[in-house]
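Asks: For the record, the sequence lines run as chains L and P. 1 is the number of the first residue of the first sequence in the UniProt record's numbering; add one for each residue after it. 1 is the number of the first residue of the second sequence in the UniProt record's numbering; add one for each residue after it.
None of these hints come from the bench; they were simulated from the model. Just so you know, even glycine gets a beta-carbon here, dropped at the ideal spot from N, CA and C. Some hints here could point you the wrong way.
Straight line, CA to CA, 30 Å or less: simulated DSSO-like cross-link-like pairs of lysine-lysine [said to hold, decoys possible]:
| id | chain 1 | residue 1 | chain 2 | residue 2 |
| --- | --- | --- | --- | --- |
| 1 | L | K267 | P | K267 |
| 2 | L | K309 | L | K298 |
| 3 | P | K165 | L | K81 |
| 4 | P | K267 | L | K60 |
| 5 | P | K257 | L | K81 |
| 6 | L | K309 | P | K165 |
| 7 | P | K309 | L | K165 |
If we take Cβ atoms under 8 Å as the criterion, some of the chain P residues that face chain L in the derived model are [claimed, not checked]:
| id | residue |
| --- | --- |
| 8 | L56 |
| 9 | K60 |
| 10 | W488 |
| 11 | R500 |
2 protein chains.
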Amino acid sequence: MAWFRRLIHVSSSIGSSIKYRNLNPSSPFLFTSFSHFSTESTLQTQSPNDFQYPGLRPTKPGEKPRVVVLGSGWAGCRLMKDIDTSIYDVVCVSPRNHMVFTPLLASTCVGTLEFRSVTEPIGRIQPAISRDPGSFFFLANCKELDTNNHEVHCESVTDGENNLKPWNFKISYDKLVIAAGAEASTFGINGVNEHAIFLREVHHAQEIRRKLLLNLMSSDMPGISEEEKCRLLHCVVIGGGPTGVEFSGELSDFIIKDVHERYAHVKDYIHVTLIEANEILSSFDDRLRQYATKQLIKTGVRLVCGIVKDVQPHKVILNDGTEVPYGLLVWSTGVGPSTLIRSLQLPKSPGGRIGVDEWLRVPSVQDVFAIGDCCGFLESTGKPVLPALAQVAERQGKYLGSLLNKVGKAGGGHANTARELELGAPFVYKHLGSMATVGSYKALVDLRESKETKGLALTGFVSWFIWRSAYLTRVISWRNRIYVAVNWATTLVFGRDINRI
Amino acid sequence: MAWFRRLIHVSSSIGSSIKYRNLNPSSPFLFTSFSHFSTESTLQTQSPNDFQYPGLRPTKPGEKPRVVVLGSGWAGCRLMKDIDTSIYDVVCVSPRNHMVFTPLLASTCVGTLEFRSVTEPIGRIQPAISRDPGSFFFLANCKELDTNNHEVHCESVTDGENNLKPWNFKISYDKLVIAAGAEASTFGINGVNEHAIFLREVHHAQEIRRKLLLNLMSSDMPGISEEEKCRLLHCVVIGGGPTGVEFSGELSDFIIKDVHERYAHVKDYIHVTLIEANEILSSFDDRLRQYATKQLIKTGVRLVCGIVKDVQPHKVILNDGTEVPYGLLVWSTGVGPSTLIRSLQLPKSPGGRIGVDEWLRVPSVQDVFAIGDCCGFLESTGKPVLPALAQVAERQGKYLGSLLNKVGKAGGGHANTARELELGAPFVYKHLGSMATVGSYKALVDLRESKETKGLALTGFVSWFIWRSAYLTRVISWRNRIYVAVNWATTLVFGRDINRI
Numbered sequence: 001m002a003w004f005r006r007l008i009h010v011s012s013s014i015g016s017s018i019k020y021r022n023l024n025p026s027s028p029f030l031f032t033s034f035s036h037f038s039t040e041s042t043l044q045t046q047s048p049n050d051f052q053y054p055g056l057r058p059t060k061p062g063e064k065p066r067v068v069v070l071g072s073g074w075a076g077c078r079l080m081k082d083i084d085t086s087i088y089d090v091v092c093v094s095p096r097n098h099m100v101f102t103p104l105l106a107s108t109c110v111g112t113l114e115f116r117s118v119t120e121p122i123g124r125i126q127p128a129i130s131r132d133p134g135s136f137f138f139l140a141n142c143k144e145l146d147t148n149n150h151e152v153h154c155e156s157v158t159d160g161e162n163n164l165k166p167w168n169f170k171i172s173y174d175k176l177v178i179a180a181g182a183e184a185s186t187f188g189i190n191g192v193n194e195h196a197i198f199l200r201e202v203h204h205a206q207e208i209r210r211k212l213l214l215n216l217m218s219s220d221m222p223g224i225s226e227e228e229k230c231r232l233l234h235c236v237v238i239g240g241g242p243t244g245v246e247f248s249g250e251l252s253d254f255i256i257k258d259v260h261e262r263y264a265h266v267k268d269y270i271h272v273t274l275i276e277a278n279e280i281l282s283s284f285d286d287r288l289r290q291y292a293t294k295q296l297i298k299t300g301v302r303l304v305c306g307i308v309k310d311v312q313p314h315k316v317i318l319n320d321g322t323e324v325p326y327g328l329l330v331w332s333t334g335v336g337p338s339t340l341i342r343s344l345q346l347p348k349s350p351g352g353r354i355g356v357d358e359w360l361r362v363p364s365v366q367d368v369f370a371i372g373d374c375c376g377f378l379e380s381t382g383k384p385v386l387p388a389l390a391q392v393a394e395r396q397g398k399y400l401g402s403l404l405n406k407v408g409k410a411g412g413g414h415a416n417t418a419r420e421l422e423l424g425a426p427f428v429y430k431h432l433g434s435m436a437t438v439g440s441y442k443a444l445v446d447l448r449e450s451k452e453t454k455g456l457a458l459t460g461f462v463s464w465f466i467w468r469s470a471y472l473t474r475v476i477s478w479r480n481r482i483y484v485a486v487n488w489a490t491t492l493v494f495g496r497d498i499n500r501i
Numbered sequence: 001m002a003w004f005r006r007l008i009h010v011s012s013s014i015g016s017s018i019k020y021r022n023l024n025p026s027s028p029f030l031f032t033s034f035s036h037f038s039t040e041s042t043l044q045t046q047s048p049n050d051f052q053y054p055g056l057r058p059t060k061p062g063e064k065p066r067v068v069v070l071g072s073g074w075a076g077c078r079l080m081k082d083i084d085t086s087i088y089d090v091v092c093v094s095p096r097n098h099m100v101f102t103p104l105l106a107s108t109c110v111g112t113l114e115f116r117s118v119t120e121p122i123g124r125i126q127p128a129i130s131r132d133p134g135s136f137f138f139l140a141n142c143k144e145l146d147t148n149n150h151e152v153h154c155e156s157v158t159d160g161e162n163n164l165k166p167w168n169f170k171i172s173y174d175k176l177v178i179a180a181g182a183e184a185s186t187f188g189i190n191g192v193n194e195h196a197i198f199l200r201e202v203h204h205a206q207e208i209r210r211k212l213l214l215n216l217m218s219s220d221m222p223g224i225s226e227e228e229k230c231r232l233l234h235c236v237v238i239g240g241g242p243t244g245v246e247f248s249g250e251l252s253d254f255i256i257k258d259v260h261e262r263y264a265h266v267k268d269y270i271h272v273t274l275i276e277a278n279e280i281l282s283s284f285d286d287r288l289r290q291y292a293t294k295q296l297i298k299t300g301v302r303l304v305c306g307i308v309k310d311v312q313p314h315k316v317i318l319n320d321g322t323e324v325p326y327g328l329l330v331w332s333t334g335v336g337p338s339t340l341i342r343s344l345q346l347p348k349s350p351g352g353r354i355g356v357d358e359w360l361r362v363p364s365v366q367d368v369f370a371i372g373d374c375c376g377f378l379e380s381t382g383k384p385v386l387p388a389l390a391q392v393a394e395r396q397g398k399y400l401g402s403l404l405n406k407v408g409k410a411g412g413g414h415a416n417t418a419r420e421l422e423l424g425a426p427f428v429y430k431h432l433g434s435m436a437t438v439g440s441y442k443a444l445v446d447l448r449e450s451k452e453t454k455g456l457a458l459t460g461f462v463s464w465f466i467w468r469s470a471y472l473t474r475v476i477s478w479r480n481r482i483y484v485a486v487n488w489a490t491t492l493v494f495g496r497d498i499n500r501i
């Protein structure tokens with residue numbers, strides 16, 4: 001684009017040559033003229049039937065091999081952080097340009113933490129993708145996989161931008177790491193996608209925060225009936241896993257401290273109900289679970305044993321016919337395989353995840369690996385499918401990162417060159433323990449490998465302190481560590497943020 | 001709603017009476033039953049023809065008089081902060097529940113500051129609206145004014161919530177303060193509202209940040225043509241007032257530091273063009289203006305003298321026929337009267353603002369005042385209409401706050417009771433000076449009352465330091481002062497935030 005270069009040239013030469021006193025706003029020197037502008041419109045478009053997509057071609061023997069990572073969650077980011085970029089070029093394909101520190105996401109829904117304190121840009125986790133000529137981050141979704149040709153087909157993300165058409169391209173890989181995560185399970189219940197909010201991404205937390213504040217203000221309008229006030233301020237959480245319990249705890253903290261002070265007119269109308277079909281926190285042992293239950297009830301959370309049958313715009317229908325009116329409905333009933341994962345023609349583990357062997361390889365295809373919530377051990381390995389936890393995903397990312405580095409150093413980095421290589425020790429998962437807060441400076445910490453083994457299992461304020469300290473040190477960057485600490489401090493001193501922006 | 005109270009009762013009695021060891025998740029005591037739920041749907045609706053709207057009735061002689069404030073900008077918030085809530089009940093009607101610290105809004109577009117560091121909830125500026133039984137904040141727009149009956153007709157804001165219908169209500173006032181601000185001027189140019197982004201509210205800054213990051217990532221997709229890359233990364237700013245200049249400076253800082261480091265693949269394609277029909281920063285004197293011009297050009301901002309004729313989805317057409325392709329278009333050409341202000345049957349000042357006398361009263365109607373960007377002195381006062389500046393608005397809010405307190409103390413708080421009261425000194429505006437940053441740690445500071453008078457006029461790093469210090473002390477709350485300082489520090493150390501959330 002010649003006009004661009006010409007403009008830059010004119011601008012900078014003006015900047016350096018004109019003397020200070022000669023500068024005069026009406027002088028023709030001051031303003032760059034646009035007379036050289038190209039007037040033809042050359043907007044780029046792609047025909048939907050155009051299968052000759054542009055893309056990154058296969059690497060050549062002398063070049064660095066290319067690792068393509070699908071996803072930017074715990075697994076993919078840990079792998080990218082650990083991969084040796086002197087051996088590999090890294091290409092990440094994900095619909096979001098950041099990683100979410102999921103254990104702290106519930107805290108952002110009520111303003112205890114800020115959204116940006118729990119997100120880390122991929123470009124900071126692995127700086128090579130912003131700088132190296134062969135490494136990239138693409139804000140895109142994987143649409144198709146061609147394992148025969150070692151290719152991934154992608155479509156760019158253009159959300160919310162009407163003027164931008166999705167752009168299709170393909171990427172040749174030497175190694176492919178599928179770390180695309182899972183989807184929230186709706187169990188096929190009608191209305192969940194339309195009316196409930198999940199709690200897996202930052203935009204979910206943003207939606208919850210906006211809706212909660214809107215409902216608090218809407219319920220205070222003159223003439224709103226008592227019944228409608230109760231409905232608007234009834235926060236219903238479906239699913240009593242760690243996410244649902246932590247979110248309920250955060251909500252009750254928000255109500256006890258901030259709603260009572262900042263929305264005093266309606267404080268007696270707001271309530272939290274947690275609906276769970278079985279037991280809350282089923283992965284914890286009896287004693288911890290009972291403590292959590294007692295604690296939640298004490299802080300005003302209503303625990304209801306029920307199964308959701310139908311979700312309507314303003315009420316949930318339970319299996320026994322009970323209607324539960326709600327103003328805010330949060331759905332946290334666990335995860336299942338995503339549409340992409342279901343569509344892939346690859347071996348599957350029990351539960352429909354991508355099946356992997358002990359080295360996290362997808363058998364039957366060359367150079368394809370899967371890690372995190374989207375993968376599970378194949379039945380033939382004799383190992384159980386691991387739970388969809390951050391620590392499982394991170395451990396797999398770490399393992400596969402060093403495995404790929406080893407393979408690369410041994411000369412097996414390029415496509416189809418690692419068939420005969422010795423891979424070493426397989427991936428073994430050792431559970432480090434579980435933690436969950438229940439609000440009011442209380443938490444559960446279970447540092448045992450499983451419910452049956454011996455070890456440390458704590459409840460109360462000390463647990464809460466361990467919970468906070470552990471996460472503060474786990475937060476990936478120093479920047480976010482500072483922000484999480486500052487957020488916690490200002491929440492303590494000034495209360496939670498209630499700007500509805 | 002009887003079921004609600006029953007549930008609370010059951011929950012809390014369980015919480016206190018059941019012993020720890022007896023807690024068992026399968027016990028019927030633990031989970032509250034929903035069997036008492038009302039199953040009739042009693043969702044509240046309003047007929048559009050229902051003119052018997054609910055609302056706040058006129059105050060009675062023994063009660064506190066009610067001041068209704070329309071708007072939550074500089075003028076309205078300063079007034080609410082200063083009003084004596086032992087004399088008055090305060091009711092604020094605004095479509096946003098916070099005040100925006102506008103001078104720092106441009107910094108949030110590129111991540112130098114966070115959005116929440118420049119916003120302050122109304123409930124913190126005037127805590128009475130969250131607590132006092134007669135004071136309220138309503139998230140609503142004023143639709144109509146009935147000065148004969150001392151009434152305001154409002155409609156609630158439900159943006160983005162499909163399941164919530166707007167709610168109509170009316171409020172009787174004893175004193176009405178119109179502080180509803182102004183609207184961005186488009187000069188009737190086709191396409192501005194559709195394709196350009198203004199820079200007046202936090203959601204504008206959010207949109208700019210999201211779009212800028214999306215364009216940076218979209219331009220790095222495989223196969224995007226050179227021309228399309230240039231277009232996507234061409235940031236065009238229309239209007240060379242303080243907002244346009246400060247935003248251009250922030251953008252060039254972002255490009256020089258963060259794009260070069262974090263988006264190295266496309267760094268040579270991104271450019272900023274500032275289009276202005278006359279002179280940039282016309283309110284500053286020649287020397288400062290020339291400095292700003294030189295500084296902007298030096299940091300790579302292209303200054304173009306031109307008038308926009310038409311705005312199309314991907315290009316701006318200038319008066320001379322030049323086509324300027326853009327990826328991001330920010331419109332900051334000043335403000336004019338809003339639709340509400342234009343629709344009100346009140347006296348008008350030159351320029352179409354609500355006309356006020358020297359005491360900021362709207363003549364011809366009782367108990368109505370106007371402050372901030374929406375008002376201007378009537379021609380009959382012989383005074384010029386004041387510029388749409390934060391300091392004008394704030395000063396007017398402060399003046400009117402103490403005027404109303406005085407009137408209230410003298411027993412003139414209620415409607416139609418202040419006719420004969422002596423109001424004291426009229427409002428006089430004294431300009432304290434102007435400031436603007438131009439990026440690269442440089443700013444202009446002009447501490448003179450007008451261009452003609454003598455006084456301090458500085459440029460460069462010292463000015464920039466004064467600019468930052470002045471705003472840091474002006475930020476309303478300690479919470480935000482901490483956050484602005486922490487944001488500036490982390491930007492310096494870690495760079496700007498590039499999470500696209």
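Asks: Run the distance test for P:K257 versus L:K81: straight-line Cα separation, threshold 30 Å.
Replies: Distance of about 23 Å is within 30 Å: holds.
Asks: Under the criterion that the straight-line Cα-Cα distance not exceed 30 Å, is the pair P:K267, L:K60 satisfied?
Replies: holds, 27 Å
Asks: Taking the least C-beta to C-beta distance, is P:W488 closer than 8 Å to chain L?
Replies: violated, 13 Å
Asks: Would the hint linking L:K267 and P:K267 be met if the CA-CA limit is 30 Å?
Replies: Violated, at about 51 Å.
Asks: Would you mind confirming whether the straight-line C-alpha gap from L:K309 to P:K165 stays at or under 30 Å?
Replies: With Cα atoms ~26 Å apart, L:K309 and P:K165 stay inside 30 Å; holds.
Asks: Just to be careful, I want the Cα atoms of P:K309 and L:K165 compared with a cutoff of 30 Å; is the pair within it?
Replies: holds, 26 Å
Asks: Taking the closest Cβ pair, is P:L56 under 8 Å from chain L?
Replies: Holds: closest Cβ of chain L sits about 6 Å from P:L56, inside 8 Å.
Asks: Can the restraint linking L:K309 and L:K298 be considered satisfied, given a maximum Cα separation of 30 Å?
Replies: holds, 28 Å
Asks: Holds or violated: are the alpha carbons of P:K165 and L:K81 at most 30 Å from each other?
Replies: violated, 48 Å
Asks: Hey, does the P:R500 contact hint survive, CB to chain L under 8 Å?
Replies: holds, 5 Å
Asks: Could you check if P:K60 really has its C-beta closer than 8 Å to a C-beta on chain L?
Replies: violated, 17 Å
Of the numbered hints listed earlier, those contradicted by the structure are 1, 3, 9, 10.
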